[in-house]
Amino acid sequence: MNNLTIAMVGSGGTGVVTAGEMLLRAAAKLGLYGVLRKTFGPQIRGGESAAIVRLGSEIVTNLSGSVDLLLVLDWSNFQRFADEIPVTESTILIEDKAAGKYPANLPQPQQTLTLDFLGLAKTLGSGHSNLALLGYVTGWLGCTAEITELAIRHRLQKHPQETIELAITVALGGTQLQLEQPIPLKPVLPLPTHASGVNNEQNLWVANGNQLTGLGALEAGIRFVAAYPITPASDVLEWIAGEIESVGGHLVQAEDELAAVNMAIGAGFGGVPAMTATSGPGMALMSEAMGLAVASETPLVVVDVMRGGPSTGIPTKNEQSDFNLAVYGLHGDAPHVVLSSLSISDCHFTAGWAAEIASERQSLVIVLSDQFLGQSSQIMPPTASTGFSANTEQAILAQGEAGEPAPYFRYLDTDSGISPLALPGQPDGMFTADGLEHNAAAIPSPKAADHQQQLAKRLRKLDSLVESPHWAEVHGQGSLLLICWGSLYQVSLEAQTQLRAKGIDISVMGIRLLSPLPLEKIKQAMGQARQTLVIEQNQQGQFAHYLGSFDSQGLGPDQLSFHQYCRPGPALFSPVEIVAQVEKLIDTGMSSC
Amino acid sequence: MNNLTIAMVGSGGTGVVTAGEMLLRAAAKLGLYGVLRKTFGPQIRGGESAAIVRLGSEIVTNLSGSVDLLLVLDWSNFQRFADEIPVTESTILIEDKAAGKYPANLPQPQQTLTLDFLGLAKTLGSGHSNLALLGYVTGWLGCTAEITELAIRHRLQKHPQETIELAITVALGGTQLQLEQPIPLKPVLPLPTHASGVNNEQNLWVANGNQLTGLGALEAGIRFVAAYPITPASDVLEWIAGEIESVGGHLVQAEDELAAVNMAIGAGFGGVPAMTATSGPGMALMSEAMGLAVASETPLVVVDVMRGGPSTGIPTKNEQSDFNLAVYGLHGDAPHVVLSSLSISDCHFTAGWAAEIASERQSLVIVLSDQFLGQSSQIMPPTASTGFSANTEQAILAQGEAGEPAPYFRYLDTDSGISPLALPGQPDGMFTADGLEHNAAAIPSPKAADHQQQLAKRLRKLDSLVESPHWAEVHGQGSLLLICWGSLYQVSLEAQTQLRAKGIDISVMGIRLLSPLPLEKIKQAMGQARQTLVIEQNQQGQFAHYLGSFDSQGLGPDQLSFHQYCRPGPALFSPVEIVAQVEKLIDTGMSSC
Amino acid sequence: MLSAKQYKSGVKPIWCPGCGHFAVLNAITKAFAALEQAPEDAVLVSGIGCSSRLPAYINSYGFHGVHGRALPVAAGLKVARPDLNVIAMGGDGDGFSIGGNHFLHASRRNVDIVYIVMDNEVYGMTKGQASPTTPASWEHSKLTPHGPEVRPFQPCAIALASGASFIARGYSGDPNGLAHMLFEAVQHPGFAFIQVLSQCPTFCPEQKQWKETVHLEEVCTDDPVKAAAFLHGDDGLSKGIFYRQPRPTWPVEHPDTQPTNLRKSFEI
Amino acid sequence: MLSAKQYKSGVKPIWCPGCGHFAVLNAITKAFAALEQAPEDAVLVSGIGCSSRLPAYINSYGFHGVHGRALPVAAGLKVARPDLNVIAMGGDGDGFSIGGNHFLHASRRNVDIVYIVMDNEVYGMTKGQASPTTPASWEHSKLTPHGPEVRPFQPCAIALASGASFIARGYSGDPNGLAHMLFEAVQHPGFAFIQVLSQCPTFCPEQKQWKETVHLEEVCTDDPVKAAAFLHGDDGLSKGIFYRQPRPTWPVEHPDTQPTNLRKSFEI
Ligand SMILES: Cc1ncc(C[n+]2csc(CCOP(=O)(O)OP(=O)(O)O)c2C)c(N)n1
Ligand SMILES: Cc1ncc(C[n+]2csc(CCOP(=O)(O)OP(=O)(O)O)c2C)c(N)n1
Ligand code: SF4
Ligand code: SF4
Ligand SMILES: [Mg+2]
Ligand SMILES: [Mg+2]
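Protein chains in written order, with the working numbering: chain A, 1 to 593; chain B, 1001 to 1593; chain C, 2001 to 2268; chain D, 3001 to 3268.
Some hints here could point you the wrong way.
[Unchecked claim] Residues on chain A that point at chain D, a partial pick, calculated with CB under 7 Å:
(1) 3
(2) 387
(3) 391
(4) 407
(5) 576
[Unchecked claim] Sample of chain B residues with no beta-carbon within 12 Å of chain A, all distances over it, derived:
(6) 1106
(7) 1116
(8) 1160
(9) 1331
Hints are computed from structural coordinates only; laboratory data are not their basis.
Computed from a predicted model, the values in this text were never measured in an experiment.
Just so you know, even glycine gets a beta-carbon here, dropped at the ideal spot from N, CA and C.
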């Protein structure tokens, strides 16, 4: 075991999530890798909450599905986390004396230690048992006092000095307690060599996917963002709001999603790369205007950070059930691009790519991220610059070439399907963009020939995308091919590692380009594998249906044949769950959805 | 030839569409069958327009794709109708003297007659050459003066008496002219025996699909309709507006589609069967709230009268390109029902069935009609009562049984998936309907077990629908199976007849239940056929993809294999076009989309 | 006859301690007791937000819809089922931001429903972003780090301009006053709008000041010109019933409507 | 310098003979000539409706969007490209029915754009249904056979209550007056709203009467209370610039904004 999962559970404002954030940062300073997942009850404030921190000496991108060390400050409503924090006989439990009654229907863990964190905090003049707990854990992990202190200072930077100093005192009290009443488990992580001090050499980041989506977008040149808050997408927008002005752009808080998407379209029409971010209910509202972006060929990026559906559903939990809406949810024949982010850090890359495609193809690009990727913080090496650019260099070509204004065909039927685009301000390019069907000269037309020309052009301009090397990440060479997308990719890679340990080699494909689908490449990979398993986190197997829909078409010998495993949220997929599905498939040749 | 297509083309308010309506009614009174299709230029008033009337001695449900007799009052902008009114060497042309110049790039028709309709009208004190034309045609068809007169009176019933009398005079002048300068073609229709008088025996109707959708809805018990105007759905709403109060219901004109769909949901929650009708752009806006209907299990019928897309597209023309939006366009896993109307008269049946299903399954039912079905008028026998009923008899069952209020589980997980529904006013059934995920007792819950239970229940409750005898209309027994939906069904039946004449037997399946898909029944039919051809009127083959997506799933021996032919609007599919595709398939074994 | 308490459903509110929405809940139960409301004949319809969770906490029927659409759901329900007492409710984000259009049109359509907006000048549920009523200089949301820099929305003035026939403003610090307004609003025929200053201690602790600044104004008038002059000069912190002018509600009944044969119009 | 005529694109309007929208088209070209507008620097943004077809008829850039969303498209464009002269336009259905929410929020947000609503009190394009401004008793639409029976929407009063800083009403029978208003509106910093009584002879022939009933009112004020009193008593047929009170436009520039390293915040 070179990684370790620690869950801290509290209630009534005990601050376990704050402690989790400090723990992650302390671990980063120690040179460890890790992921933090926060989870809350329905209350806005003061309700039960939990922080799950998984640490490792190598990159950690997802959760394991199990908990090694469970720290509980309050047992009430613990059952809310039953789906996410399984207690087994092998769990090591540390509970606060004041945590209340151990839940009746929970198995007894391997070892239990009851400590007086609250008492300790009170002795030191504070009510914050969470900080005592934090120091207890960081001490156990081998953090120096300096590291614990730095982590606290970072998290509390906006608080009064007094509060910060007291917090440090309480935490260090916890570290002291750990020496007296140690955890009956050694941290099994091979700690980095500089574990005795602060890690200054390795320049690690702590970031979540939503922030990295923002970074990818701004680095690629997005300079206009329209926002309407929605969980779990708000922090894409909030991160951008804090940064976009410094790069000369603007974020507008719109009155609703209809306004947000249309504002972004307006900016895009003006030649300023534009984006909006939302979640399922908001994207549903954007459907009509997304169709306008398609028909008027206006660049537009829409990020959907998926949550549980349908309707308001389960707003704070993970699911991959907006696939259908993203791929098929426009009226009319409306070809557009759908991408999926394949990891927390890949949110950066995919957002950048989306911005570039939207601009280069004058098209709508939907990015499917999800609640896990978006809201989980990860310790990671800085993501590389993506190099993507949304600069609209495809503005009209021949302008002035002939010495006088050439006739301008905004929607010219070119080989590539991409027509020369003029921007307001260019004297030779005046036209009226239109969601009404039009001819090449942008004049409204209901003629069959114009309609077919424009439909074909809009479809064709996306064709060559499937040649992009970014279409997917493929890892390994096995006789079984595991196909997935979104946050399941990293979990699948871990399952791959676990399977290899059992002597089973699989290859894992995480598809970044969901639409247009790189069918040939997928077929090729499927052809090399003996079996294919498609997994996804929704009830109906939406992606699998989509993949299957490309079958029968050619009626050729290369019919697609694959197995599938799907189930809805809110519980995250775990590597073990995927391993079990692969083994079941290998054993029986069967699988179900 | 037992049918005949007459096209009348005019411009600048010449009133050919009015003449077309009168002609259809006169034909009905004569005992003929027929269809009238109106088509307009982009202008709201006074622009070019055309009426295409196809008449027959047996039921006529669609157009033929060709024109036998072309009557032109104005040649300017004739090219606008090039897609719909093909002129060939065999066309017989009658033009008004004042019609202007014969279009340069048009083939010369078989015979041309230039007559002075305008002069005739003027002589009689009117400017309405269209009425002279009307009388000319009705006379040629064999209508008595009485029939022509009745048709005019009906159409002009809201006009001053004077206007009506003058109109009749002009029309009868046209009839007279026909005796002097006859059309060089005999009406080849075997006229009904009572052709010499008014048909009083046979109780025929003249109706369009939009009206019949309204009739089906009201007869099945829809008593609340929320409306926002949109072409080509407005006349569903307008017809209902004129009738719904008389049956004790209400129609509300809403401020937008978001309001319309939510109003209908509110009424449905109150136990009053409710509906709204719209077209692609409006349905896109309804996506979010349709998801609410699914999650809260509120009965709701949404009729989408499809037009050309994407975006504003081609609002007045036919296309079947909202299939994807209807089937897949909700966020989250949101099972619902999608039906398609299979003919003008079937709009009645399908709307009724939709109302019954929505109520009986507490579900969202989308009905896909299309511009052709919706806005084309047909002479038909009165449609039979559908017998469908949206009466919400599934309201809570056990109420009061125990002598005191029983605990009420609004979202009880039953075998059928249908839970007992209480309506406001019932003392024992109080609950809060919710789009948030909830447990069986309607209390919000983000738990995996509740989510899976409710998702499964909402999926399961639609399962048995595929057993309904109404799932499709299947006609004939051939080695080739032609699968279609919507307005293509009737065209396919005519293609079937034409093919039979050539010695080729095919079977035609018009699918009424698009989702959930009656897969087993389709497979069975496909199993019996040697080849299957799926046809539809959109660019991307949306239905074919959907059908194909059910392949690979079972990995069984019964993989779906079919050919497809698809193309977008605005031009209507013709029987000849389908015949050609079938022959091509038989010849080469190949087909393309 | 039920006591105010008996109108509580027993479902535990998810609200933060000190949230103003508790007072609104209490005011509703009090008004229901005073109205002797049969629980099964009341329907509380809401959108999405902390405030919109309220219906589940009341012992009656409820509909917790989607964000911004409480009013159309409520209007559809009331038109279809005029026998019910339909009360729409939600937050300032729900009602004035995403739901703004329905607010305009409900005001002018005048269906006989009550609409309570729990206005805390913030998006509570999504963790503290500015709403339309947030002061222009409020810098506490990361989404608008310089403050929204937009003139706040004036709900009562807009309700008036849109044609609302009953306009009032209550305050969560005065649940009895609010219960009284609600009592009046339910009895008012037509669309009755109550803006409630309902504090959000979690994201707007500064709203504690309301205790000092909210002031009663006895200005109730039936003259739109007077009401307009008052509301356009108002500081937004006055409370009271400001305007009350009953006018015909929608739908208008047409007593001469005859049952007809639906099929008649198709006959040739 | 271009003449008014040179601002016409040459695309033939689809409008009916006598349609009021022709006058609006002419007023725009006149105002552009007076403003010496560089055609390539103007963008006309519209929704869907007869009126919304206008952009294609002007020699400039145009964006013909979807129904009801002209204002957000225009606002996004103007914020992104402050160098452009952005004019949003559409019909009463587009702007006050489906687009009502954007009207409210554009009024209060005060982005520097002009918004022209060609108000013919009807949905022209969809063949004559009632719009929000249709008289309650207008019985000519099959969709509302008894008339809408709803109090008409009062665009100027609502604009005022929402915070619009320039409010005017013009008339298609007076294109010169309208051109003048538009000239002023373009020069007004912030959101400038012009309601144009623009007749639809096809569906509302009774609007010919406007020639007699529309009257000029010289009441322009910068006092919202005065403007409110006037607009709440107004008959809807007065024309003139009613209100004009420049206030800071959005976005507010923050001159102290420094270029930062976007990646800084992620470092541990
Ligand atoms: C279509 C849609 N957009 C956004 C959201 C996210 N959302 C949920 S509640 C809310 C705002 C709540 O604010 P308010 O209505 O003022 O209620 P409060 O929580 O302050 O009581 C938002 C934006 C959503 N659920 N649906
Ligand atoms: C989402 C959507 N709903 C409905 C329509 C249908 N529609 C087109 S124009 C229009 C109303 C036009 O009225 P108005 O804005 O007053 O313009 P006018 O034609 O009178 O100038 C409507 C309802 C549409 N195109 N899109
Ligand atoms: S966040 Fe604010 S509005 Fe929401 S429950 Fe807490 S105090 Fe109330
Ligand atoms: S219908 Fe009315 S608004 Fe439309 S073009 Fe004709 S006159 Fe103008
Ligand atoms: Mg609020
Ligand atoms: Mg209009």
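Against the structure, the hints come out as follows:
1. Hint on residue 3(A) is violated. Least Cβ distance to chain D is approximately 19 Å, over the 7 Å limit.
2. Nearest Cβ of chain D to the Cβ of residue 387(A): about 15 Å, over the 7 Å cut. The hint is violated.
3. Taking 7 Å as the C-beta cut-off, the interface hint given for residue 391(A) is violated, the closest approach to chain D being about 14 Å.
4. Restraint check, residue 407(A) versus chain D: the minimum CB separation of about 12 Å is more than 7 Å; hint violated.
5. A least Cβ separation of about 30 Å between residue 576(A) and chain D goes past the 7 Å threshold, and the interface hint is therefore violated.
6. Distance check for residue 1106(B) against chain A: the nearest CB is about 16 Å away, which clears 12 Å, and the non-interface claim stands.
7. The Cβ of residue 1116(B) sits about 32 Å from the closest Cβ of chain A, beyond the 12 Å cut-off, so the non-interface label holds.
8. Its beta-carbon lying about 36 Å from the closest one in chain A, residue 1160(B) satisfies the requirement of being farther than 12 Å from that chain.
9. A beta-carbon of chain A comes within 12 Å of the beta-carbon of residue 1331(B); the shortest separation is about 3 Å.
Consistency with the previously given hints fails for numbers 1, 2, 3, 4, 5, 9, ordered from lowest to highest.
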